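Asker: Go ahead and model the full structure; you've got the sequences and the hints to work with.
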Amino acid sequence: MSYTKFRKITKHFNFSRVLEKKELPAYARQYIKNEQILTSYKTERDHGIFTDKKIILFDNKGMNKHIYTVPYKSISILAVTFKEESATLNLYMDSGYPISLKFVNMNSIDKLRLRILYTCIDKIINNQQPIKEDMENLINNKLKL
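If you read the sequence shown in this note's numbering, its first letter stands for residue 1, the second for the next number, and so on.
Some clues are possibly wrong.
[Stated by the list, open to error] Subject to a maximum C-alpha distance of 25 Å in a straight line, what follows is the list of computed SDA-like cross-link-like pairs (lysine to any residue):
{"#": "1", "residue 1": "Lys111", "residue 2": "Ile125"}
{"#": "2", "residue 1": "Lys21", "residue 2": "Ser95"}
{"#": "3", "residue 1": "Lys33", "residue 2": "Asp46"}
[Stated by the list, open to error] Label pairs and their calculated CB-CB ranges:
{"#": "4", "residue 1": "Met63", "residue 2": "Asn127", "range": "34 to 42 Å"}
{"#": "5", "residue 1": "Tyr27", "residue 2": "Glu85", "range": "24 to 32 Å"}
{"#": "6", "residue 1": "Tyr97", "residue 2": "Asn141", "range": "27 to 35 Å"}
{"#": "7", "residue 1": "Asn64", "residue 2": "Gln128", "range": "33 to 41 Å"}
{"#": "8", "residue 1": "Lys61", "residue 2": "Gln30", "range": "18 to 26 Å"}
Calculated from the structure, these hints are not laboratory results. Keep in mind that this is a model prediction, so the values were computed, not measured. Ideal placement from N, C-alpha and C gives every residue a C-beta, glycine not left out.
Answerer: Written out as structure tokens, the structure is:
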């Protein structure tokens, strides 16, 4: 196994709101084929899309766009930390590379969404079937406290 030194991307993503599927930019949809979008998030300028197979992170810096694709099968450890109005999703790749995604300005429904998303991703990376009702609730954005 070889290790590649990556620029740390963790500080670039502070997702502040859930993005409806119809709000996704056209270029983002090009990276989603034969997959279900579970949920998507937005920062001021960036996007993060969670499908049933991978995470796609769009880092838009002026004229430069960086796109990171993280297949769930390459994640070895997954952790989530909740605080009063924020949360952090930590991913550790098989290569040892860590990715940390922050979610800010969260309300109760946002926390529930992230908790269900975490559970679905955890089941996928552990070769288990996610709970169908959880997946459908994420896909259809029908979450209840």
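Asker: Each of the hints needs a verdict: does it hold here or not?
Answerer: For each hint, the structure was consulted:
1. Lys111 to Ile125: Cα-Cα ~21 Å, so holds.
2. Lys21 to Ser95: violated, 31 Å
3. Lys33 to Asp46: Roughly 20 Å between the alpha carbons, so the hint for Lys33 and Asp46 holds.
4. Met63 to Asn127: 34 to 42 Å: Since the Cβ atoms of Met63 and Asn127 sit about 41 Å apart, the hinted range of 34 to 42 Å holds.
5. Tyr27 to Glu85: 24 to 32 Å: Because 31 Å falls inside the window, the suggested range holds.
6. Tyr97 to Asn141: 27 to 35 Å: With Cβ atoms ~31 Å apart, the hint holds.
7. Asn64 to Gln128: 33 to 41 Å: With Cβ atoms ~38 Å apart, the hint holds.
8. Lys61 to Gln30: 18 to 26 Å: Given about 19 Å between the Cβ atoms, the range holds.
In this structure, only the earlier hint numbered 2 is contradicted, and the remaining ones agree with it.
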